[in-house]
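Taken in order, these protein sequences are the chains called G and S.
Under the working numbering, the first residue of the first sequence carries the number 1, and numbering increases by one thereafter.
Under the working numbering, the first residue of the second sequence carries the number 1001, and numbering increases by one thereafter.
Hints listed in this document are in silico derivations from the structure and should not be mistaken for laboratory results.
Worth double-checking, as some hints may not be accurate.
The following residues of chain S were derived to be distant from chain G, with all beta-carbon distances above 12 Å [as the list claims (entries may be wrong)]:
hint, residue
1, S1015
2, I1017
3, T1055
4, K1071
5, R1160
6, D1185
7, G1196
8, K1220
9, T1221
10, F1246
11, S1285
12, E1333
13, C1359
14, I1369
15, P1385
16, T1391
Below, a list of computed lysine-lysine pairs in the DSSO-like style, where the Cα atoms sit at most 30 Å apart [what the hints assert, rightly or not]:
hint, chain 1, residue 1, chain 2, residue 2
17, G, K157, S, K1071
18, S, K1071, G, K163
19, G, K157, S, K1014
20, G, K157, S, K1077
21, S, K1014, G, K33
22, G, K163, G, K142
23, S, K1050, S, K1010
Backbone N, C-alpha and C fix where the C-beta goes; we use that ideal spot for every residue, glycine too.
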Amino acid sequence: MQKVLTGKCIVVGDNIDTDQIYPGRFLAITDPKEIGSHCLCGVSEDIAANFPEGGIVVAGRNFGCGSSREHAPIALLNMGAVAVLADSFARIFFRNAVNLGLLPVVCKDISRNVKAGDTLTLDLEAGTVKNDETGEVFPCEKLGEQAMNILEAGGIKPLMRAKFGK
Amino acid sequence: MHAIEKILMKNSGKSSIQTGEIVSAKIDFAEINDLYLQTVYSFYEMGGVKVWDNTRCAFVFDHYAPCPDIKSAENHKAMREFAVKNNLKYHFDTNTGVCHQVLAEAGLIYPGMIVVETDSHTTTQGAFGAMGTGCGATDMATILMTGELWFRVPEVIEVRLEGEAPKGVYPKDVVLAVLGRIRADGAVYKAIDFTGSYVEGLNVAGRMTICNMAVEMGAKTAYMQPNQNVLDYVSKRAVRPYEVQFTDKGYHYAESYVFDVSALEPELACPSSVENVHTLRRVISNGDVKLNQGYIGSCTGGRVEDIEIAAKILKGKHIPEYTRLVVIPASREVMLECIAKGYITDLMNAGATISTPGCGACLGAHEGILAPGEVCITSTNRNFPGRMGSTEASMYLASPATVAASMVYGKITDPREFL
């Protein structure tokens, strides 16, 4: 997996719950691309259509709180996001993201230090986020061993396929 | 050691366990609800052939009960086919109710077990001294293949609830007060153990309501030491033998909070965050809050006790013209008991709309969706923007008594007026 990622970011607030990431009225949808087209529509209807491929979502505290719906990370990935940087994450969202290969990285106060449209470079091994616009560098938490093992395998599905020899 | 640690230790086959350690634990029961056809997709994508144990997993069709559209009907159809193919011993179709409630009623929840469901409110099962936790579709597919899931052994926060509840204060008010203090992320990655004299005396329904809302503080799981009410409930139903676990004397909690329940009042979580908790008295002191809809139901506030108090408050009265009150019993068993006791008749005579047991409008799927600008008071668990429909609607979380009292006048009203 790539250990250094660069992408343009959007910035959202605190307690962005799974209903704002992916509202209940769309939960019967199973096509990943269609799921992605509704991503974050509870925050603003026009986020998904304008989201840059390989982009990064920057958030405040408790990102992904609420439901266990896996539609949330599926939506983020299929909108084009590769990582979410936040003050903190809700637990089930964190697990779901890691399982699907979306990077959930804890980076305190990042939402107050960057603005929408900035290009950020996330260095997983160094544990840093650089704002390429200003040159500022912010520390972020490194992912734990369990999460990294899953992410390095490309998510839980390749890991399980390898385990079961398929 | 804490009882939760003992449960994790037993199910992971270890002789000792440390907080923060990652363990792979056997799952005693796994439940997939009808939002999660992705579980079936992930199961096959990962090379799954048959589920690990056809007596330890089941589908519950609760979020779309019965189906509101073609897509959800297709999803149900595919899940039924998977259930048949795997010869699942238990199946809960659209005539049963909300997963957490129906599993408990079916005797599939008992002390000392690990239960994982594809629903964040699985913390509800801590009411029975079980370790219940929610997961996503692909974690569930892993369980269906292997019967196990990895867990980080959580820190445990004690929430000690002491004293008797005053008139008009219900378990929902108590947990809202706790939530207002611990906040929406105060227990992320951690477990909450509810202790104290209030919990020791509490009935099963009230225990479920409080544990249910633990996830709104971010908790991985909740726990209450089983009391006699729980043992009476479980002993009549449990499908397997069980062992109650106990927390060792002197166990050191990561954090402790103490609440004097006798000093609490009816509480509200105001729009649009679960942690925006204020006393009802304070909210209405700022002026009338007019309502378009009241809602009583869900895994939080749709049990017999919840519908009973609503019926008692509304009996012989009628909700105002141009408002509506939606009542959705949490399960078939709950609804049958409420019919037998006359509560459903009383509520219908008061103008309530009764709908099929299930999750209903709690998550904005169907059966009580809100339009832009509307205001709803609800006995459910979340008031996030757009949770019950339009992102421009407002929701107040309250006890079923407060919802019922408020619908007498069509504005937020203190239930103590009617008690």
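For each hint, the structure was consulted:
1. The claim that S1015 (chain S) is not at the interface with chain G holds, since no C-beta of that chain comes within 12 Å of its own (minimum 21 Å).
2. Consistency note on I1017 (chain S): stated as away from chain G, and its beta-carbon is indeed over 12 Å from all of that chain's, at 16 Å minimum.
3. Consistency note on T1055 (chain S): stated as away from chain G, and its beta-carbon is indeed over 12 Å from all of that chain's, at 22 Å minimum.
4. A beta-carbon of chain G is positioned within 12 Å of the beta-carbon of K1071 (chain S); the least distance is around 4 Å.
5. The claim that R1160 (chain S) is not at the interface with chain G holds, since no C-beta of that chain comes within 12 Å of its own (minimum 23 Å).
6. The claim that D1185 (chain S) lies off the interface is violated: its Cβ sits roughly 4 Å from the closest Cβ of chain G, which falls inside the 12 Å cut-off.
7. In this structure G1196 (chain S) is separated from chain G by more than 12 Å, as the shortest Cβ-Cβ distance comes to about 25 Å.
8. Distance to chain G contradicts K1220 (chain S) as a non-interface residue, since its nearest Cβ pair spans about 5 Å, not more than 12 Å.
9. Not every CB of chain G is more than 12 Å from the CB of T1221 (chain S) (nearest about 10 Å), against its label as outside the interface.
10. For F1246 (chain S), the non-interface assignment is confirmed: its Cβ lies about 26 Å from the closest Cβ of chain G, beyond the 12 Å cut-off.
11. Every CB of chain G lies more than 12 Å from the CB of S1285 (chain S), the least distance being 26 Å, so the non-interface label holds.
12. For E1333 (chain S), the shortest C-beta to C-beta distance to chain G comes to about 25 Å, beyond the 12 Å cut-off, and the non-interface label holds.
13. At roughly 9 Å, the least C-beta separation between C1359 (chain S) and chain G is not larger than 12 Å, which violates its mark as non-interface.
14. The beta carbon of I1369 (chain S) sits about 8 Å from the closest Cβ of chain G, which is not more than 12 Å, so the claim that it is off the interface is violated.
15. Against chain G, the non-interface label of P1385 (chain S) is violated: not every CB pair exceeds 12 Å, the least being about 6 Å.
16. Taking the minimum C-beta to C-beta distance to chain G, about 6 Å, the non-interface status of T1391 (chain S) is violated against the 12 Å cut.
17. The straight-line distance between the Cα atoms of K157 (chain G) and K1071 (chain S) is roughly 25 Å, inside the 30 Å bound, and the hint therefore holds.
18. Among the hinted pairs, K1071 (chain S) with K163 (chain G) is inconsistent with the structure: their alpha-carbon atoms are about 33 Å apart, more than 30 Å.
19. The straight-line distance between the Cα atoms of K157 (chain G) and K1014 (chain S) is roughly 27 Å, inside the 30 Å bound, and the hint therefore holds.
20. Restraint check: the Cα-Cα separation between K157 (chain G) and K1077 (chain S) comes to about 24 Å, which is no more than 30 Å; the hinted pair holds.
21. Taken as a hint, the K1014 (chain S) and K33 (chain G) pair is broken in the structure, with Cα atoms around 43 Å apart against an allowance of 30 Å.
22. Taking the CA atoms of K163 (chain G) and K142 (chain G), the gap is about 26 Å. The hint holds against a cut of 30 Å.
23. Simply put, K1050 (chain S) and K1010 (chain S) have alpha-carbon atoms about 26 Å apart, close enough for the 30 Å limit, and the pair holds.
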